[in-house]
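Visitor: Put the two chains together into one complex, using the hints given.
Sequence lines, in order, name chains B and P. Quick note: the numbering used here has the first sequence finishing at residue 715, numbered continuously throughout. Quick note: the numbering used here has the second sequence finishing at residue 590, numbered continuously throughout.
No lab work stands behind these hints, which were simulated from the structure alone. Note that the structure is predicted; figures quoted are calculated from it, not measured. Among the hints, erroneous ones may be present.
As the list claims (entries may be wrong) - Sample of chain B residues facing chain P (criterion: CB under 8 angstroms; computed from the structure):
| hint | residue |
| --- | --- |
| 1 | G596 |
| 2 | Y597 |
| 3 | Q601 |
| 4 | L608 |
| 5 | S623 |
| 6 | T629 |
| 7 | N637 |
| 8 | E640 |
| 9 | H654 |
| 10 | K657 |
| 11 | S659 |
| 12 | S662 |
| 13 | I663 |
Unchecked claim - Here are the simulated BS3-like pairs of lysine-lysine, each with C-alpha atoms no more than 30 angstroms apart in a straight line:
| hint | chain 1 | residue 1 | chain 2 | residue 2 |
| --- | --- | --- | --- | --- |
| 14 | B | K702 | P | K58 |
| 15 | B | K648 | P | K58 |
| 16 | B | K667 | P | K99 |
| 17 | P | K99 | B | K583 |
Claimed, not checked - In silico contact screen, one side only, chain B against chain P (beta carbon under 10 angstroms); selected entries:
| hint | residue |
| --- | --- |
| 18 | H580 |
| 19 | Q584 |
| 20 | I620 |
| 21 | F624 |
Glycine included, each C-beta is placed from N, C-alpha and C at the ideal position.
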Amino acid sequence: MEQSHIKKQINFIKNSLFEQGYLDEQFIQLEDLQDDANPNFVEEIVTSFYSDSTRLIRNVENALENYPLDFCKLDDYMHQFKGSSSSIGAKKVKVECTHFQECCKARNSQGCIRAFQQMKQEHATLKRKLEAYFQISRNE
Amino acid sequence: MTVEEIRGSSNEIDRFPIGMRVLAVDDDPTCLKLLDGLLRKCQYQVTTTNQAVTALKMLRENRNRFDLVISDVHMPDMDGFKLLELVGLEMDLPVIMLSGNSDPKLVMKGITHGACDYLVKPVRLEELRNIWQHVIRKKVETKSQSRSDNQERQNHGGEGGQEAGSGDLNGKLNRKRKDDDDDADDNANEDDDPSSQKKPRVVWSIDLHRKFVAAVNQLGIEKAVPKRILDLMNVEGLTRENVASHLQKYRLYLKRISQQANMVVAFGGSKDASSYMRMSSLDGLSDFRTLSSSGRLPNPPLPSYSPSGMLGRLNSATGMTLHSLTSPTLIQPTPTHSITPINKFQPVVTQTHQNTNLFQSSFDLSHHKPNTQLPDFNPIDESRIFTGSLKMGSMSSESFNLVSSSSTFLDVPPPIGDTFHDQLPPTGGGLKYGYSPAGFGTNITSTASVPLEVQTQRQGQYGKQNYGQYSSNGFSTAAPPLSGGGLGGNGAMTTAPLMQHNRGSGRSSTELKMGPGQEYLLEQTKLSNGFVANNGYDSLDDLMNGMMKREQDPTIIMDGEFGFDPYSFGSCI
Numbered sequence: 576m577e578q579s580h581i582k583k584q585i586n587f588i589k590n591s592l593f594e595q596g597y598l599d600e601q602f603i604q605l606e607d608l609q610d611d612a613n614p615n616f617v618e619e620i621v622t623s624f625y626s627d628s629t630r631l632i633r634n635v636e637n638a639l640e641n642y643p644l645d646f647c648k649l650d651d652y653m654h655q656f657k658g659s660s661s662s663i664g665a666k667k668v669k670v671e672c673t674h675f676q677e678c679c680k681a682r683n684s685q686g687c688i689r690a691f692q693q694m695k696q697e698h699a700t701l702k703r704k705l706e707a708y709f710q711i712s713r714n715e
Numbered sequence: 018m019t020v021e022e023i024r025g026s027s028n029e030i031d032r033f034p035i036g037m038r039v040l041a042v043d044d045d046p047t048c049l050k051l052l053d054g055l056l057r058k059c060q061y062q063v064t065t066t067n068q069a070v071t072a073l074k075m076l077r078e079n080r081n082r083f084d085l086v087i088s089d090v091h092m093p094d095m096d097g098f099k100l101l102e103l104v105g106l107e108m109d110l111p112v113i114m115l116s117g118n119s120d121p122k123l124v125m126k127g128i129t130h131g132a133c134d135y136l137v138k139p140v141r142l143e144e145l146r147n148i149w150q151h152v153i154r155k156k157v158e159t160k161s162q163s164r165s166d167n168q169e170r171q172n173h174g175g176e177g178g179q180e181a182g183s184g185d186l187n188g189k190l191n192r193k194r195k196d197d198d199d200d201a202d203d204n205a206n207e208d209d210d211p212s213s214q215k216k217p218r219v220v221w222s223i224d225l226h227r228k229f230v231a232a233v234n235q236l237g238i239e240k241a242v243p244k245r246i247l248d249l250m251n252v253e254g255l256t257r258e259n260v261a262s263h264l265q266k267y268r269l270y271l272k273r274i275s276q277q278a279n280m281v282v283a284f285g286g287s288k289d290a291s292s293y294m295r296m297s298s299l300d301g302l303s304d305f306r307t308l309s310s311s312g313r314l315p316n317p318p319l320p321s322y323s324p325s326g327m328l329g330r331l332n333s334a335t336g337m338t339l340h341s342l343t344s345p346t347l348i349q350p351t352p353t354h355s356i357t358p359i360n361k362f363q364p365v366v367t368q369t370h371q372n373t374n375l376f377q378s379s380f381d382l383s384h385h386k387p388n389t390q391l392p393d394f395n396p397i398d399e400s401r402i403f404t405g406s407l408k409m410g411s412m413s414s415e416s417f418n419l420v421s422s423s424s425t426f427l428d429v430p431p432p433i434g435d436t437f438h439d440q441l442p443p444t445g446g447g448l449k450y451g452y453s454p455a456g457f458g459t460n461i462t463s464t465a466s467v468p469l470e471v472q473t474q475r476q477g478q479y480g481k482q483n484y485g486q487y488s489s490n491g492f493s494t495a496a497p498p499l500s501g502g503g504l505g506g507n508g509a510m511t512t513a514p515l516m517q518h519n520r521g522s523g524r525s526s527t528e529l530k531m532g533p534g535q536e537y538l539l540e541q542t543k544l545s546n547g548f549v550a551n552n553g554y555d556s557l558d559d560l561m562n563g564m565m566k567r568e569q570d571p572t573i574i575m576d577g578e579f580g581f582d583p584y585s586f587g588s589c590i
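So here's chain P without its partners, still in its complex pose (with noise of 0.2 angstroms):
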C-alpha cells in the first residue's frame, strides 16, 4: 500500500499533511477562531462553522471535502458526542473531540462514541501539529479491515476478537462508508475479492439504522437474528446478509460501549485526557455486554468512576477480557480454590457474579454511609469488574495489578520500605486508585469489614466506590460480599478492622490504612485462576508502604498507560 494509495483523494499528496482539509466545529467564537488560527499555522487548510448542524450540512454534501473533523463536546444546538457518531456511522472520518472538560468520563464517552482523539482546551499546537495522524491511520486500518472484513464475517470471530477497538469501529464504519458511486447495492457477497473490486456498499445512513435498531430492540437482543431483522425492517435492497454483517458490528459497538462506559469510571481525573485513548482499542467483555449497561455513573456528588468501570478499564486495557470466564459460575469456582489461603475469600467470590450483589454488598458491608454510588452500578459493570479481577488474577500479575488497582489498594508492591503512614497524603490531582501491589491481584477478595469505613471515606473522596477496600487486600473475612463491581470487582474489602482508611484528606484510594498487626493478603500472589494467590496475610505494613508511595507520587496513576502499570491506575476520580 503506498502513500498514495493511503492518501486516497487527497488533493495535496504530496505535500500531506500539508493542506489537510480539517473541519472545525465549535460554537464558542473565541475557541473556534483560536483554532482557525492554530490550524491554518500548521498549514491545514481550514473551514470553520459554529454549528454542528450546519457542520454536518456541509460533511452530507460532500463526504470527501474534509479529512478530518474536529468538534466541541459542548455546543448548544446538538451534542458534540451526537454529532461524533452521525460523522463516524455516516462519513467514516476521523473525528477529534475537544472540550474544555478534562473529566475523564466524558473522554472515555467520546472514545466509547468512536472519537479519534481527545483534546482539552486550551488547545496546543503541537497537539494539532499531530493530528494529522488521525487520517492516515483511519485510512491504514479502512484498507486493511476490508481486506479481512470478508474472512471476519465468516468466520464470525467479532466477540472474541481481539481487534483493537477502533479495528472493529472501522470495519463497522468501513462497511458504512459510501462508495465512491454511491452505490446501494447490498455487499453480502463475501466471496468477492475485495482488492480486485470495489464492493458495492450498503450505506447504511441513519434512517437505515433507526429502523435497524427499533428492529433489533423489537426482538430483543438476544433474539435478533438477521432474518427477523431484515423481515422488520421491511427495506427493499437489503439482503440478510447485509443485515448479519451489521448485526455483527452493532454487537461489537454495544459491547464495547458498555464495557468502555465503566471503564470511565475507574478513571481519575488529571491526567491528560489523551492518554485515554488508548482505551478505544479495547475489546470488550463478550460475557456482559448488555445493551443497557451504557455507561451508567453513578452520579456524585463527586465525580465518581463506578468501580465496575474501572476493571471494566482494566480489562480492556490489558486485553484481557473474560473469555476465560464463560460464565458467572467461572469466577466462583476459581475464587474458592485459589482463594485458599484467604479466608473466606470463597463466599465473597461466589456473590460477585451476581453482579450487583457484589457491588451491593460490599458496600452494605460499610456501616458507614453507603457508597452512594453503589446503586448506579451497572450490572454489567459489576460484573465486568469482577470478570476483570479475577481474570486478572489469572493474567499475569501485573494485569492483575490493574484490577486491584482499580480497586484502589490493590497496589502492593513487593518490598515496602517507606513507612507506612496511615493517612495517606491527599494525592492532588487524580486518585489512585489502589496501587496494586504487584501481586495484589487478587483482591477479588474482599474483606469486608474494613472496607467499610474505607469505603465510605473513599467515597467522600472520590466519589467513587471505595476501591480502598480492595487495597486492603485482607482476604480476611470474605464476609462481606466481594464488592461488585465497584471495586475493582473484586471485592477485596478488607477487614474492617483491618483497613481503616483515613481517608479523611486523601483522595487516594490508596488510602488503606492497615492496621499493624493486620496480615492482609497484601502479599502479590500470581492467581492460579485470576485470584491473587494472596497466601496469607502480610504485614499491612507492606501493603500500606507500597501504597504510600504510590500515594506520592500521582504521576504513577495516571499515565496513560491504563492500568498496565500495575501501580498506576490512580485515576479514580
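Isolated chain B (complex conformation) (with noise of 0.2 angstroms):
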C-alpha cells in the first residue's frame, strides 16, 4: 500500500541516520515531543537549530580570518553550536565541535580550521540527509 510503502522508506531512512551515527537518541526525544498538539515539532526544531547554526558558522568564519586566533572566542561558540547540536541529536556534528574545542584548547590553529572544515561538512551533509527525510515524512 502507498501508505505503508511511504512509512516503510521514512523508517529505512531515519534508521540509517542512526546506524551511520548521524543522529542520537536525542532525535528519538524530540520526535516523542511531536504530537497533535505539536505536529510539526521535529521540523521546526531542526530548522530553528538550521537557521541559528548558519549564524553561529559565520561568527566562526569570521574569528577564524582574525590571527592570531581566538581561542577562548572560538571555544565559546563551539561551546554554543556543541549544545544546540546536542539538542537535535546532531552526532557527528556533535564530536566535530568537541574535536575543534580540542583544537582550541590545545591553541592548534591548524587543527581548528581543519575541525572546523569537518565541522561544516557534517552539518551540511545532516542538513541535506534532515530535508530528505522531512520531505519524506510530509508525504506520509
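Guide: As C-alpha cells, then:
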C-alpha cells in the first residue's frame, strides 16, 4: 500500500541515519515530543537549529580570519554549537565540535581550521539528509 | 503542614506538579524550543525568554507568577550564575541551571550560587519530570526554616550549624523573601511567633545588599559588627537586628562558597553533574572561611581542581567540618602523635597548617615541573584540605577515605588481591582520585619524595595537584611538606622512590606506582586524631592493588556520593 510503503521508506531513512551515526537518541526524544498539539515539532526545531547554526558558522568563519586566533572566543562558539546540535541529536556534528574545542584548548590553529571544515561538512550533510527525511515524512 | 499549605499560592493545587509554572531562559533558540517542548510535555505551564534581563524583569514584576526557573549558564546578556544569584536573593525561587558543559567546576559553582539542580544538555524528559520536587522542597525548607529562624538567631548557631547547606540558604533566602504585602518593616522581633503572625520582613534587595556588602568590606569581615554596618549603610528603617541576621547569613554563605569552591576542584569531570548537588547541603568549615577564597581554582591547561577543593568537598560531603580543628595548631599536634609510625609525618603535618606552605611544599618537592596548580591554591583551600584530611582521620575511616581519596591515592583497600600494575591504565573519563584505601585516611602524612614524580605526572594528567602522592600513603620521609591542600590536604606524599607514578597515560590519580619493596602506610588505620594510623608500611602491592582495582572501575570514583564511598572520589578532573 502506498501508505505503508512511504512509512517504510521513512523508517528506512531514519534508521540509516541512526546507524550511520548522524543522529543519536536525542532525536528520538524530539519525535516523542511531537504530537497532536505539536504536529511539526521535529521539523520546526531542526529548522530553527539550522538557521541559528548558520549564523554561528558565519561568526566562526569570521573569527578564524583574525590572527592570532582567539581561542577563547572560538571555544565559546563551539560550546554553543555543541549545545544546540546535541539538542537535536546531531551526533557527528557534536563530535566535530568537540574536536574543535580540543584544538582550541591545545591552541592549535591548523587543527581548529581543519576541525571547522569537518564540522561544516557534517553540518551540511546532515542538513541534506534531514531535509530529504522531512520531505518524505510530509508525504505520509 | 498540609500539601496545600506547601503549595502555597500555586494555582493548580490539586494537580501539582501539573501546571507548575516554569520560566525557561536560554539564549540558544534551538535549546529553548526543546526546553519548551519538553516542559510542555510534562504538562507544566511554560514561559520562555531568550534574555536573562527579560526574565528578571518578569520575575521582579511578579514574583508569584512562577514556581521555578530554569536557566542556561552561558548567556550573552548576563551570566547564568548572576541570574541565579539575583533570583535567589530577591525572589527565593528554586533555580535550575542548564549547561552544555558538565565540568564539575561549573556544577560546583552552580551549587555554591544556590542552584537547586544542574542539568547537562541535552536535557532529557525524565530529568524534567522530576524538577517539581525542588519547588516542594524549597517550600518545605522555607517553612521549617522560618520556624526555627528565631531560634537560630538567638542561638547564633550559625557557624557550627550542621544545617544542610540548602537549609541555610533557604533560611537566608527566606529572610529575604518578600512578604505577600511586600512589607518593608523590619523583622527583627525575634519574639514574634512565626507561626501565628506573618513577620514583616526586610527585603534585602540588591541595592540594600550591595550597601551591606560594601559596608562589610569597608569594615573588614572580622570587624564587621551589625551596629557599625548599620551606621555605614545609613538606611532608614533598618534595625541592628536586621543587619545582624543578614550578616549571619552572609557569613554562612561566604563560608559555604569558599568551601565549596574548593570542592569543585576535587571533582572529576565525567559523572553526572547532578550528583554534585549533594554538595549543596554541606556545611562550611568555620575556621577557614575567608572572603577571598571564592573558588580560586587553578588554571589549567588541563582542567584542574585544586586538591584542596577535594578535601573541602570531602569535608562537606561527609559533613565533616573542621570543628574539631579549631586552629591550625590543632593540626599540628595531632599528626605528631598519631602518626608516630609514620616517619616524618609530623613535620609534614605541622606544616600543613600553613596552608600555603603545605601546598607549596608538596610541590616543591616534586622535582619535575612543579605542579602548575600550586600557585593557585588558595590558602583557604589548603587549610581546608588539610583540615579536612586531618579531620578525616578522626572521622571514620570511611570519611577519611574521602579525604584520602582526594589525594588520589589514598585508596588502599584492605586485602587487595589484584596484581599490581605499575601503570594504572588510564581511566577513561573521570579521574579517579586516589582511591582512598579504606584506612588510608591519613594521607595527611606526606611523603615527600615520591610524589614528586607522581605529582608531575599526575599533573599532566589531571591538571590537578598530584593527588597521587597521597595515595602513596607512604608517610615515609615526611620531609616534603605535606602537600597542602592540594593533595587532599594530607600532603601525603609518598616518598619519591616509592611512588613512582607512571602516570604516563593514566589519568587516574590512583596511578600510584609504588616500588614493590616500598612500604607505605597503605594500611588503613583509624586515625586517632584524624591521622591515619597507618603504622608501618604495608606492602606496596596491596596498596597498588587496591588502587588498581579502583582504577579499573571508573564508576566507583565518580559517583554521586562524593567521598562517601571510600573508594570513590575519582573525580579529579
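Visitor: Run the distance test for K99(P) versus K583(B): straight-line Cα separation, threshold 30 angstroms.
Guide: Measuring from Cα to Cα gives roughly 50 angstroms; hence the hint is violated.
Visitor: Once the shortest beta carbon distance from N637(B) to chain P is found, is it less than 8 angstroms?
Guide: This hint is violated: N637(B) lies away from chain P, its Cβ roughly 16 angstroms from the closest one there, beyond 8 angstroms.
Visitor: With a cut-off of 10 angstroms on the beta carbons, see whether H580(B) makes it to chain P.
Guide: At 30 angstroms from the nearest chain P Cβ, H580(B) fails the 10 angstroms test, so the hint is violated.
Visitor: Checking hints one by one. Is T629(B) an interface residue toward chain P, by the C-beta closer than 8 angstroms rule?
Guide: violated, 12 angstroms
Visitor: Let's test the interface hint: is any C-beta of chain P closer than 8 angstroms to that of Y597(B)?
Guide: This hint is violated: Y597(B) lies away from chain P, its Cβ roughly 15 angstroms from the closest one there, beyond 8 angstroms.
Visitor: Less than 8 angstroms between beta-carbons is the criterion; does H654(B) satisfy it with respect to chain P?
Guide: At about 6 angstroms, which falls below the 8 angstroms cut-off, the nearest Cβ of chain P leaves the hint on H654(B) intact, so it holds.
Visitor: Using Cβ atoms only, decide whether G596(B) comes closer than 8 angstroms to chain P, and label the hint accordingly.
Guide: violated, 16 angstroms
Visitor: Please verify whether K648(B) and K58(P) have alpha carbons no more than 30 angstroms apart.
Guide: Violated. K648(B) to K58(P) sits at ~35 angstroms, over the 30 angstroms cutoff.
Visitor: So, as I understand it, the hint says F624(B) touches chain P; can you test that by seeing if any CB pair is closer than 10 angstroms?
Guide: holds, 4 angstroms
Visitor: Are I620(B) and chain P close enough, Cβ to Cβ, to be under 10 angstroms, as the hint says?
Guide: With a closest approach of 5 angstroms, the I620(B) hint holds.
Visitor: Given Q584(B) as an interface hint, is its Cβ closer than 10 angstroms to any Cβ of chain P?
Guide: Hint violated; Q584(B) Cβ to chain P Cβ min 26 angstroms, cut 10 angstroms.
Visitor: Double-check Q601(B) for me: the hint is only fine if its C-beta lies closer than 8 angstroms to a C-beta in chain P.
Guide: holds, 5 angstroms
The structure fails to meet hints 1, 2, 6, 7, 8, 15, 16, 17, 18 and 19 from the earlier list, while all remaining hints are met.
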